[in-house]
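J.: Residue numbers (our numbering), protein chains in the order written: chain V, 1 to 344; chain B, 1 to 344; chain F, 1 to 344; chain Z, 1 to 344.
Check before you lean on any hint, since a few could be wrong.
Same chains, same names: a pair is fine if it fits in one copy or spans any two.
Straight-line alpha carbon distances no greater than 25 Å define the calculated DMTMM-like cross-link-like pairs of lysine to aspartate or glutamate that follow [claimed, not checked]: (1) Lys106 with Asp56; (2) Lys3 with Asp56; (3) Lys143 with Asp252; (4) Lys260 with Glu27; (5) Lys251 with Glu27; (6) Lys143 with Glu121; (7) Lys38 with Glu163; (8) Lys106 with Asp298; (9) Lys260 with Asp56; (10) Lys104 with Asp298; (11) Lys46 with Glu27; (12) Lys58 with Asp263; (13) Lys46 with Glu125; (14) Lys273 with Glu132; (15) Lys42 with Glu140; (16) Lys217 with Glu302; (17) Lys222 with Asp245; (18) Lys42 with Glu272; (19) Lys3 with Glu27; (20) Lys3 with Glu332; (21) Lys260 with Asp69.
Think of the hints as simulated: they come from the structure by calculation, not from any bench.
4 protein chains.
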Amino acid sequence: MKKIEIGIVGGAGYTGGELVRLLIQHEKVKISYVTSRKFVGKSIFKRHPNLRGFTDLKFISPDDISKVDVIFLCLPHGVTASKIKEFSSLSNIVIDLSSDFRLKSKEDYNSYYNYEHPHHELLNEFIYGMPELHRNMLKESSKIAVPGCTATGAILPLAPIVENFKINKIIIDAKVGSSASGASPTDGSHHPERHGVVRCFKPSNHRHLAEMYQELKNMDGKINFSPHAVEMVRGIQSTIHVFFDQKYNEKDIWRTMIQKYRDEPFIRFVREKSGGYRFPEPKIVMGTNMCDIGFEKDPSTERLILISAIDNLVKGASGQAVQCMNIAIGIEEPLGLTQLGFHP
Amino acid sequence: MKKIEIGIVGGAGYTGGELVRLLIQHEKVKISYVTSRKFVGKSIFKRHPNLRGFTDLKFISPDDISKVDVIFLCLPHGVTASKIKEFSSLSNIVIDLSSDFRLKSKEDYNSYYNYEHPHHELLNEFIYGMPELHRNMLKESSKIAVPGCTATGAILPLAPIVENFKINKIIIDAKVGSSASGASPTDGSHHPERHGVVRCFKPSNHRHLAEMYQELKNMDGKINFSPHAVEMVRGIQSTIHVFFDQKYNEKDIWRTMIQKYRDEPFIRFVREKSGGYRFPEPKIVMGTNMCDIGFEKDPSTERLILISAIDNLVKGASGQAVQCMNIAIGIEEPLGLTQLGFHP
Amino acid sequence: MKKIEIGIVGGAGYTGGELVRLLIQHEKVKISYVTSRKFVGKSIFKRHPNLRGFTDLKFISPDDISKVDVIFLCLPHGVTASKIKEFSSLSNIVIDLSSDFRLKSKEDYNSYYNYEHPHHELLNEFIYGMPELHRNMLKESSKIAVPGCTATGAILPLAPIVENFKINKIIIDAKVGSSASGASPTDGSHHPERHGVVRCFKPSNHRHLAEMYQELKNMDGKINFSPHAVEMVRGIQSTIHVFFDQKYNEKDIWRTMIQKYRDEPFIRFVREKSGGYRFPEPKIVMGTNMCDIGFEKDPSTERLILISAIDNLVKGASGQAVQCMNIAIGIEEPLGLTQLGFHP
Amino acid sequence: MKKIEIGIVGGAGYTGGELVRLLIQHEKVKISYVTSRKFVGKSIFKRHPNLRGFTDLKFISPDDISKVDVIFLCLPHGVTASKIKEFSSLSNIVIDLSSDFRLKSKEDYNSYYNYEHPHHELLNEFIYGMPELHRNMLKESSKIAVPGCTATGAILPLAPIVENFKINKIIIDAKVGSSASGASPTDGSHHPERHGVVRCFKPSNHRHLAEMYQELKNMDGKINFSPHAVEMVRGIQSTIHVFFDQKYNEKDIWRTMIQKYRDEPFIRFVREKSGGYRFPEPKIVMGTNMCDIGFEKDPSTERLILISAIDNLVKGASGQAVQCMNIAIGIEEPLGLTQLGFHP
């Protein structure tokens with residue numbers, strides 16, 4: 001069988017590098033090119049040293065891209081939207097890892113991104129690339145917007161709950177690794193400053209809220225989201241405190257979760273009564289496409305504590321993108337994504 | 001002036017070692033003895049290597065303790081209560097760092113500690129050692145129970161709020177360093193297992209809730225507390241999500257905070273509009289007796305995000321104990337506690 | 001083709017868990033059992049949470065082991081030797097990850113391990129399982145002793161050098177992750193104590209010296225080895241300072257290295273002139289079976305600085321063990337070991 | 001007594017911030033100004049958040065500096081030299097923390113710094129500010145060049161040895177925290193890249209070699225130095241492998257060390273037979289002006305393993321600068337430098 005040809009635009013960053021890592025290990029695809037304006041002509045492994053010995057590809061200029069079967073866009077927010085016509089002309093399947101086509105409402109771009117979307121007429125052509133919620137739409141789709149990392153960590157555990165229960169209030173307290181802020185150094189990412197922090201860097205009004213409201217229906221004004229930078233490179237742990245407008249018990253939650261996610265290849269339930277790993281833990285999913293989910297009911301306040309863990313660069317970005325691709329082109333969904341995590 | 005003589009019972013653990021560190025630097029006291037059954041006869045600096053060159057003291061047996069002006073008890077929970085009569089006979093001022101005398105209600109010991117308190121008749125003799133709330137009672141007090149570390153990080157920022165506003169719900173999402181679990185190795189504290197975790201180790205029903213309910217009046221059923229182990233040795237960061245049953249604005253919160261804490265030597269307000277350190281950060285208070293407090297109002301849900309940072313071994317234990325001692329014996333409150341923190 | 005049946009004795013530790021991780025992803029084998037006296041009857045994923053969803057195996061008692069095609073022994077040093085007859089009777093291929101059969105000389109066990117070897121008559125039956133040095137002997141071998149982790153990190157870069165140059169002196173300064181000390185908590189592995197250390201835990205006389213002397217011929221009295229514990233879970237970085245009794249230049253070193261390792265599937269050379277990753281880096285090989293090697297000649301003292309990086313649990317233990325198995329049973333050498341590393 | 005007036009030029013970096021931290025706690029001095037071109041008019045605590053509440057000083061422009069009793073220069077290498085006349089005119093005591101006046105030989109600036117020194121006629125006016133070696137010269141000196149951080153960690157343990165023994169070869173393998181590279185973000189200091197490294201960033205020819213050769217007499221061609229970046233913010237651990245051209249035993253080393261450093265306020269010897277802290281450890285000296293020194297003789301190769309630990313920003317920079325100032329102005333040498341370190 002002829003291999004599927006892949007183009008990656010914006011390959012010097014972390015999501016681009018992660019796509020190369022995953023796709024090199026994917027038996028049915030072949031990477032045709034990876035672009036980087038800054039590193040044109042340099043071996044990809046000079047930027048992503050883990051790839052040394054696994055690929056001879058060199059970065060090409062974004063001006064030199066050509067037709068491929070699937071094109072992945074790993075560009076800064078705003079850049080993709082401005083060039084979307086060009087990219088669409090080069091590939092039947094466009095998979096965008098930026099936020100430029102995640103939202104359906106152009107007003108959301110105004111209010112959350114302070115940005116006038118230049119191609120809002122295309123917003124409805126993009127499928128929000130979360131297979132657990134939109135698998136049917138992703139089949140044979142040609143335009144996919146890959147969800148934000150903290151949005152993924154919040155929406156996946158919450159989706160079955162908000163569909164089936166009356167919700168009063170949701171508080172998402174996320175803990176995020178440093179790779180989630182990208183590959184460009186800043187004052188805040190300087191190691192002596194970033195090391196050892198527990199930093200509530202955006203207590204309210206984070207942009208990913210827009211995705212959460214879009215995907216979790218009828219939650220207007222009920223979602224509170226505060227991400228924290230912690231000492232970690234990869235990973236997002238979300239502790240989600242849910243308050244209900246009804247009675248419930250843990251068994252109801254179990255039933256709902258299992259009904260929704262029973263056959264999902266990348267959802268695991270984690271709830272042990274003893275040991276150190278009783279709930280989801282980001283280091284255990286590091287490098288994998290897993291979203292681990294666990295929960296407990298607070299017996300004294302009726303709160304549900306929902307906990308999820310993902311790798312922000314895999315299930316939170318490039319892994320989910322590959323999963324979407326597999327679905328869109330009709331091959332086995334887990335291809336290229338079956339690598340196990342680590343302990344310790 | 002004759003120096004105040006100090007006894008420390010249980011000096012091999014982290015709070016005991018931290019008391020020695022602080023009291024060596026305290027100009028008006030002299031440590032008479034430090035006990036450890038396990039390390040009897042050994043130099044204290046063999047257990048606490050930071051003290052090398054600063055003290056020649058050796059651990060003595062707890063059977064050999066004698067009269068002192070102030071006795072600090074750093075024993076495991078349960079042990080203090082069983083021997084409290086002996087300790088009280090040896091010193092006019094007893095300062096207990098365990099949880100044995102923090103709670104006023106013996107029923108709380110039953111329900112939160114699953115423990116029948118052997119000396120509940122003494123519970124009301126102990127003052128809850130949080131100077132910001134009970135300074136007047138601490139003056140000339142003879143029995144002091146030092147608050148729990150996560151309780152300190154939650155109660156200090158919340159006290160002015162719950163006193164002055166109508167509260168609907170409080171969610172405390174704390175991130176805690178590994179030293180908070182004490183000096184004894186366990187499977188969970190083994191470095192390869194503990195390293196890099198974001199571990200919700202007790203999503204509900206943590207014991208320190210009892211202290212929070214006791215000190216924050218009229219909050220029955222409104223407090224939700226979930227501590228997390230993160231990659232850090234010292235420090236507690238608490239992000240506290242508060243929902244109100246009334247309107248409020250940020251200025252009201254500022255006014256309330258300042259009114260309550262204006263003259264406190266160990267409370268700082270941290271709220272910057274730019275830079276990396278816009279809110280309290282545990283690494284900045286590391287080694288100090290500070291409790292840093294910051295906050296922001298979520299414009300879309302009216303939630304108040306309250307953030308605090310302390311060093312669990314200083315303001316969360318031994319530093320607060322020394323502060324209480326200074327108050328109880330009538331010397332300058334900040335003595336021995338003025339050391340600055342670090343950057344970076 | 002019928003899958004090769006595998007038994008793993010001592011599966012609760014880190015090398016045992018790592019074997020399961022690697023062998024689950026190995027297309028030609030099937031794990032028949034994994035033993036643990038302590039965790040009998042428990043799911044393997046409760047001990048190794050990364051394996052959740054990938055295996056239903058439960059630990060069995062070491063008393064219940066049966067015949068398999070290949071048996072891996074992950075027992076504490078000393079235990080393997082005492083039971084080697086039993087293990088040998090159960091499998092045609094015995095692969096031991098302990099130190100019990102690495103050395104050829106029973107006197108070395110006396111002097112380095114302070115241990116009277118109970119089956120020294122078998123020492124010569126075991127092949128030292130380092131494919132780069134002993135591939136031919138490993139083919140169709142039936143008993144393999146997997147090298148020590150720091151020995152691997154030192155011997156691989158040094159072997160071509162000592163074979164081809166006159167050596168005056170070698171100083172190996174290694175930096176080691178905490179998983180190298182095994183899965184049992186100790187005072188020294190307690191997170192608050194082990195966190196952030198740069199600890200020269202064995203400045204001289206480390207046991208792995210015996211392997212280095214055995215495998216690097218004619219180096220008597222010339223090797224100096226000082227391992228350091230650093231803040232890392234997996235990984236060994238070795239900076240090896242080599243002094244010569246002859247002239248040489250960098251090109252000679254390159255030629256020697258390439259001649260020796262040109263076709264090795266798990267050796268990479270790393271030597272960049274710019275960027276952050278100019279020399280081998282343990283985090284880049286984390287999770288892989290790679291040994292990265294780089295070097296530089298000191299222009300002012302003629303010293304050669306040789307640098308290697310491995311994952312102590314993979315190339316330093318379980319990965320090398322699988323590589324040896326593949327060779328011994330005559331299947332493709334890299335099977336099960338092709339997973340890429342990570343960046344960042 | 002009138003307080004000594006201090007000016008700090010270049011206060012936005014880490015050594016400048018550390019000077020402020022130390023001098024605020026120094027009872028006999030008063031900081032008159034701290035400069036930063038970038039942060040003019042901003043509160044110092046916005047850049048150094050640990051200082052919040054301890055100083056109201058704002059950064060002034062370097063163009064606005066005035067006469068003081070002591071001026072500290074914390075400027076980038078090269079800048080100090082170009083403006084040294086101006087600085088000298090403003091203060092009787094100039095203490096430079098850059099490398100611009102550490103070396104006596106202008107040729108060393110050519111070869112190690114690739115730099116034509118603009119004021120080499122002044123090189124001999126500066127005293128190399130290492131009190132343990134040059135205390136007498138520092139008394140009443142007016143120009144002091146504070147040693148480099150890795151040079152301090154190497155020279156202090158080596159000085160007594162090279163003075164008293166015949167040396168064959170010295171290999172210094174240092175492990176360095178990220179703050180040693182300063183406060184400006186780079187690709188290499190970006191947290192996802194810098195986190196978890198064991199990076200031999202300069203295997204040979206490091207600039208600090210020039211200082212080592214200058215201060216350790218008659219060692220031409222005998223010193224080998226390879227610093228490594230490890231996961232740590234503050235601290236330098238140096239493992240120094242020394243080979244001799246004579247016989248020696250450990251007692252000789254002890255005698256030599258004690259003779260040299262017996263009365264030094266900031267040297268401690270660390271050599272325990274058991275426990276985790278048997279040798280110097282950078283985290284134990286973090287925040288202090290201590291240089292901890294330990295050693296062991298390798299019984300099989302006669303090598304001496306010398307180990308030191310310092311805080312690069314204190315004994316390796318600002319603390320040593322303050323110690324020099326105290327000596328130069330004739331006040332108690334340890335003033336402002338007596339803060340204890342931490343455990344854990």
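J.: Check the structure against each numbered hint from earlier and tell me which ones fail, lowest number first.
T.: When the structure is compared with the hints, numbers 1, 3, 4, 5, 7, 13, 14, 15 and 21 turn out to be violated.
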